[in-house]
Amino acid sequence: MLGIDASGKTTILYKLRYAEVVTTIPTIGFTVETVEYKSLSIAAWDVIDMGRHDRFTRHFWIQYLQGATALIFVVDSGDWERIGEAKDCLHALLKEDAVQDVPLLVFCNKQDLVRSRSVGEIAEGLELQRICRREWRIQPSCATIGDGLAEGMEWLQQK
Numbered sequence: 001m002l003g004i005d006a007s008g009k010t011t012i013l014y015k016l017r018y019a020e021v022v023t024t025i026p027t028i029g030f031t032v033e034t035v036e037y038k039s040l041s042i043a044a045w046d047v048i049d050m051g052r053h054d055r056f057t058r059h060f061w062i063q064y065l066q067g068a069t070a071l072i073f074v075v076d077s078g079d080w081e082r083i084g085e086a087k088d089c090l091h092a093l094l095k096e097d098a099v100q101d102v103p104l105l106v107f108c109n110k111q112d113l114v115r116s117r118s119v120g121e122i123a124e125g126l127e128l129q130r131i132c133r134r135e136w137r138i139q140p141s142c143a144t145i146g147d148g149l150a151e152g153m154e155w156l157q158q159k
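Everything in the sequence shown is counted per the numbering used here, starting at 1 for the first residue and increasing by one.
To be clear, the hints were calculated from the coordinates, so they are not data collected in a lab.
Bear in mind that the values here come from a model prediction, so they are computed numbers and not experimental data.
Among these hints, one or two may not hold up.
Straight-line alpha carbon distances no greater than 25 Å define the calculated DSS-like cross-link-like pairs of lysine-lysine that follow [what the hints assert, rightly or not]:
#, residue 1, residue 2
1, K87, K159
2, K38, K95
3, K38, K159
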């Protein structure tokens, strides 16, 4: 599970792990956590300020992406100003050889916010139609109440 900072990765992770909302604070540095969800083992890690630390984070990508059977990418649907940053991060991930044939699940998180963009707008902003030559699904979600999380995870289990 990847995404730029403040997209909701940690909230999703803990909602899946504990089935409740856990108060989170912004992740400082580079963190990795793993959670079991039914038959899936999910490694969630924060990619922060990728533009300035691209070489640093890419070094870790290669190690964590080896053996990955799927990618989960989280986008803050209410932060349209950063959609370009999210797109750049996602495109860089999808270029890695280790994940060329794995399915991609995109959680359009924070759909409960008034300013959130639609799934179609997010797909367009990320340029998913143009770059994805794999199975993919874009799933609206609200991690704080759990909406959309089970549906996305069920889709992944079927892949």
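These are the hints, each one checked on the structure:
Between K87 and K159 the alpha-carbon distance is near 24 Å, which keeps this suggested pair within the 25 Å criterion. For the hint pairing K38 with K95, the CA-to-CA distance comes to about 29 Å; that exceeds 25 Å, so the pair is violated. Between K38 and K159, the direct Cα distance comes to roughly 14 Å. Compliance with the 25 Å bound is thereby established for this hinted pair.
Comparing the model with each earlier hint shows a violation of hint 2 alone; every other hint is respected.
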